[in-house]
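Chemist: On the provided structure of chain A, position chain B as indicated by the hints.
Sequence lines, in order, name chains A and B.
FYI, the numbering for the first sequence is 1 to 568, going by the numbering used here.
FYI, the numbering for the second sequence is 1001 to 1070, going by the numbering used here.
Bear in mind the hints are in silico, worked out from the structure with no lab data behind them.
The structure displayed is predicted, hence computed values, not measured ones.
C-beta: ideal position from N, C-alpha, C; glycine also.
Do not take every clue at face value.
[Unchecked claim] Under 7 Å between C-beta atoms, here's a sample of chain A residues computed to sit facing chain B: (1) L30; (2) V137; (3) L206; (4) L210.
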Amino acid sequence: MTIPYAFIVPARLVHLSGVDVVIIVFYFALVLAIGFYLRGRANTGEDFFMAGREMTAWVAGLSFLSANLGALELMGWAGSAYQYGILATHWYWIGAIPAMLFLALVMMPFYYISKTHSVPGYLKLRFGEPARAVSAVSFAFMTVLMSGVNMFAMAKVMQIVLGWDINVSIWLSAVTVAIYVALGGLRSAIFNEVLQFFLIWAGALLIPILGLYEAGGWSNLKLQIAQRASDQYVHLWSGLGSFTNNPMGINWIGIVFGLAAVISMGYWTTDFLVVQRILAAKDIRSAELAPIIGAGFKMFVPLIVILPGLLGLAVLPMKLVAESPAAAAAGAHTYNDVLPLMLARYCGPGLLGLGIIALIAGFMSGMAGNVTAFTTVWTYDIYRPLINNKATDHHYVNMGRWTTVIGVLISIGTAYLVMQFASIMDYVQALFSFFIAPLFGTVILGMLWKRATGPGGFLGLLCGTLSSIGMWGWVKADPSALRYVALSSDAKQLAQDMFQALWSFLVCVIVTVVVSLATNPKTDAELTGLVYGLTPVPSVGNIPVYQKPIFWAGVVGVVFFVLNIYFW
Amino acid sequence: MVSIWFFIGLSLLVNGVLIFGAGLYELWNPPAHPTVELFSLHASVWWGALMTVIGAWYCYHFKPGQKNVG
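Next comes chain A alone, as it looks inside the complex:
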């Protein structure tokens, strides 16, 4: 009998002391207390699903970032930094900042003015029910699946790092998230995400501080990495002239057009998991400022994610390897272990507990983000329009609470499914990112081009999604197809993802344009409030320049530019 890979358990990485356990118990008690405290403030649909639309820019902005800052994100990208070097930073800078600023200044006014509850809800207003149905069903399906995949991955991490039983981790974290989201709705999720944001920074920031001290500063770190790996591990752009000059096997076209222009734009502007936090802002200025605040902090996340990976290259005595059954059986540490290894290297009693809750907090915020987004899309974009459109607001709130519990239970089921078939994890994560690219094409055409029609939007989204799945299946069935999909047989997995996203986006745009030109457009009056040029964008008010979103977007843009030049 073959033992599933998921059950091969190497020796635990760290041992907790009494004070670490107290810190972890206090964390769980506090997040549950917040849920119970807020249960009385989630009685209407607006309260439960949109947090009453009364969040300040800071709360919405930090929550927006925190929902993305999951534990897999932290550990996965620290591992990628060890594997690929500083190139992984592209996913935090050019692969995030321009899109977040674009969301703030261009797209947010339309989401906000339309008073939609969700991104599929905007598609309904702009393109009609079929486009919303495709978007809502695929989003709900993938969200709950992703939640389960993340849950399993985190349980596995806790098993490896702490030796915790995988079932205990799954049920403890899932039940905690289910309780505080079902009680307090989106407001409870947002409050906990902001708390988790602070804990993640408090728990992870010591690693780069102490690591740089040990390495002898940034200049010495670069020298050590060049000796142990390659000089290209510390350059952002200089090795991107061709696929073979950098450790990631990607070129600048894939990064700029695939990552920055399509995947990043799609994720940060149309993935409802993150956009939902901004829709909860109290006014248009807060809604515009929130993504800018998120972008400001996002620029510095590489400090706690990428830098530990680079430091691992320089200071860890062992060589980490790719994850595989052979590596697991041999008890070897993998790339994904780099963050816990660095945590164990520097953090003694107390600090270790804080570092562990940083990982747990990252997981919980990511899972709560998935659950709240799923609950809202299910209730407002599937249940209400397709199953029961005449119920009371109270009924929909109850549906939201039950959907939270059911969504978590489905996630747990998915987690156990992944436990039996670990390769599902790779497929689900790849597919999820491919849904985003065509969705971005549909939303951006809907907002910026008044000639786009309902049939155009629907068929463009459908064809874009099918084309991305088709390309992915093509390369799976025939790996040599990579030279067509990614333009080079030297391309690696990440490069394939980037080009796949680019092509599916183009398919979506071309189909939408062609079908729209062949069908009858809506009148200008029908598009008011939904399309650029036909919508008076409300002013943020007569306020000093330093309080205006455009000013802070400029500041973030300048810092982003300087950072890219410095690490060229």
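Modeler: Same frame as chain A, but now just chain B:
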């Protein structure tokens, strides 16, 4: 309504005190064979103290009953 910033202050304060206390204990009773690198820097002491100060400030500034709830 209690401010979100108060909850954050409470979390930083409690964790800071626990970490600071653990750091002081290790400072006065150093292990014969430290299990972490850079033990001599006593990161738990100054990191715990910093978290305590920030947490206490947040708790005071956003204590329940204030208008700013975030």
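Chemist: All the hints need checking, so say for each whether the structure fits it.
Modeler: So, going through the hints one by one against the coordinates:
1. Given the 7 Å rule on beta carbons, the hint for L30 of chain A holds: about 6 Å separates it from the nearest Cβ of chain B.
2. About 34 Å separates the beta-carbon of V137 of chain A from the nearest beta-carbon of chain B, more than 7 Å, and the hint is not met.
3. Below 7 Å, beta-carbon pairs count as interface contacts, and L206 of chain A has one with chain B at about 6 Å; its hint therefore holds.
4. For L210 of chain A, the shortest C-beta to C-beta distance to chain B is roughly 5 Å, which falls under 7 Å, so the interface hint holds.
Violated hint for the displayed structure: number 2, the only one.
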